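A.B. asks: Go ahead and model the full structure; you've got the sequences and the hints to work with.
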Amino acid sequence: MSSAALPSSLSDRLSYWRLVALLAAATLAMAVLSLAVGYARLDLFAALGDWLAGRQSLPALVLVELRLPRAILGALVGFSLGLAGAAMQGLLRNPLAEPGIVGISSAAAFGAVTMFYSGFAGAFALALPLGGIAGALLAVLLLFALNGRGAGTMTLILAGVAINSFAGAMTSLALNLAPNPYAALEIVFWLMGSLADRSLIHVWLVLPLMLVGWALLLSCAPALDGLTLGEDTARSLGFDLTWLRMRLIGGAALAVGSAVAVTGAIGFVGLVVPHLLRPLVGHKPGRLLLVSGFGGAILLLAADTALRLMPIRPELKLGVVTALIGAPFLFSLIQRLRREA
Amino acid sequence: MRRAALALGLWLAMAGGLVLADDVSAKPQRIVSLNMCTDELVLRLASPKHIASVTWLSQDPRNANMAARALTIPANHGLVEEVLAHKPDLVIAGAYTTRATVALLKRVGVAVREFGVPGNLAEMRQQIRDMANLLGEQQNGEELIAGIDARLAALAARPRPAQPRAIVLRPNGFTTGRGSLVDEILTAAGLANLAAKLGIDNYGQIALETVALGKADILILNTTPDGPPSLAHEILHHPVLARLGDRLKLVALPSKLWTCAGPAVIDAIELLLDAAAPTSAGKRP
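Chains S and V, in that order, give the protein sequences.
Residue numbers for the first sequence follow the working numbering, so the first one is 1 and each next one is one higher.
Residue numbers for the second sequence follow the working numbering, so the first one is 1 and each next one is one higher.
Don't take each hint at face value.
What the hints assert, rightly or not - Straight line, CA to CA, 20 Å or less: simulated EDC-like cross-link-like pairs of lysine to aspartate or glutamate:
1. V:Lys215 x S:Asp12
2. V:Lys27 x V:Glu137
3. S:Lys317 x V:Glu234
FYI, nobody ran anything at the bench for these hints, they're computed from the structure.
Predicted model, so just to flag it, every value in this text is computed and none were measured.
C.D. replies: Structure, rendered in structure tokens:
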């Protein structure tokens with residue numbers, strides 16, 4: 001819908017970009033907070049000074065090799081999950097379309113697990129994110145094939161339950177067959193997710209793939225806005241809906257698949273964040289994309305910082321914390337959908 | 001439920017034609033071991049023809065020290081039915097593993113003996129002696145202990161540096177502190193265990209940050225060479241550890257040398273003594 005003629009358009013657009021800037025600044029602040037919180041006492045400024053001066057001091061090493069990857073991955077994975085959630089909800093026009101709930105994350109975990117425990121990822125590092133992306137892609141394709149255009153809540157959830165339980169069972173099977181005594185314990189990582197002891201290698205491994213996924217998803221914004229008027233109107237406005245679906249499917253698979261491959265499946269981020277931010281962007285699905293990305297990054301960084309501050313060791317898995325925050329949202333959403341039905 | 005389990009056990013016992021042995025004869029003829037560490041002692045002390053079964057874990061040369069001999073003996077997975085099929089006259093189990101199996105075996109009257117985890121070298125000697133008595137192989141036991149003591153004495157005579165600080169990093173980010181056999185192995189190798197100083201008892205998780213900032217001289221990485229891929233071991237390949245290699249000494253110590261209390265721990269002490277030797281530690285300040 002072309003809204004250029006409306007007088008409120010300029011101030012509207014201005015307030016949108018102000019919101020984006022605000023969320024981006026908050027993401028940066030959360031990332032800095034995440035850097036400052038850790039298990040050992042670290043003089044952040046001294047460490048930063050050493051690093052900038054190129055001195056390989058111990059504090060600089062801890063900052064760059066341990067805390068930085070954790071903060072960066074938290075932001076990247078949160079952004080991917082929030083963005084993918086908002087985009088899928090826009091396309092399927094259903095607030096329950098979230099990578100975790102509809103099974104994309106668990107399918108990605110299965111793909112990554114297959115690559116990791118078969119030893120492929122050891123020989124060829126990129127196999128890990130590619131496995132995750134392949135798993136995610138299969139799940140998204142299956143989901144869209146089952147739902148067709150405009151998903152009813154019933155089909156969406158049933159498809160999600162089916163994909164989730166099947167991928168979860170296959171993950172367990174793969175780990176049971178893995179010839180390694182820790183495999184049974186590691187299923188918790190793949191199903192709940194964690195940022196603990198990830199390295200910069202993981203960041204470089206997934207960053208390019210994620211960026212491509214983000215670009216694909218963000219390019220869907222105008223078409224998603226058009227789609228709110230119905231498919232026929234959107235088509236008459238010149239949006240190619242098949243091309244839109246392909247971009248969205250590919251983008252979601254790239255973003256979620258590579259995220260899950262390095263941190264495991266972290267649920268609820270793509271559900272909670274778009275739900276909270278939707279009123280702030282005037283319920284426009286196109287505008288929800290970028291703000292949901294930043295919102296997801298903030299939520300994940302906050303959850304990861306909180307679990308390190310909690311006096312629970314070994315630390316909680318990230319998915320446990322996001323589930324504690326997200327499950328009540330899911331219940332309230334179900335309640336609302338019931339009332340509307 | 002309990003009664004059903006008992007009935008099942010009794011039925012299995014009868015079906016297996018089991019001799020309900022209350023006392024263990026001088027030299028058990030059909031020994032079944034249900035724990036990787038008791039496996040090792042049984043394999044070292046008893047004659048292979050008296051061993052009916054050991055665990056499948058002991059057949060993997062990456063994890064177990066006696067894998068070559070274990071491969072000639074049928075394996076079990078700690079399941080009651082497997083054990084009863086061997087008609088054992090002695091079942092040896094670990095105090096913390098296969099609890100359900102041990103409980104059921106005791107109910108149907110199988111002679112089961114449980115062995116704990118030695119916390120130091122003295123307890124290790126005692127455990128070898130107990131095992132040798134149980135198996136009726138007293139002479140083998142005394143020979144094994146004498147061999148250990150002779151090697152320990154030889155190692156004690158070697159020159160050693162002034163207590164370099166060491167920390168152990170195991171899969172999943174665990175370390176070993178006070179009151180463990182590993183702590184005593186470090187002490188015997190002339191090392192000061194940093195984890196014990198940090199207040200970690202026995203076995204606890206440690207953050208990589210703490211390891212990096214801990215000012216250790218030696219970092220002992222508890223690896224399994226050529227092991228299958230696992231997240232647990234990924235932490236031992238974290239790039240920060242390679243970067244730390246510039247300022248401290250990284251020592252790779254295969255887990256199987258000290259997973260179980262046996263003669264292999266002397267190999268661990270020797271490996272650590274070699275690593276800490278002043279001549280080879282050029283990088284250490």
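A.B. asks: Please name the hints from earlier in the document that this structure breaks, with their numbers sorted from lowest to highest.
C.D. replies: Of the numbered hints, just 1 does not hold.
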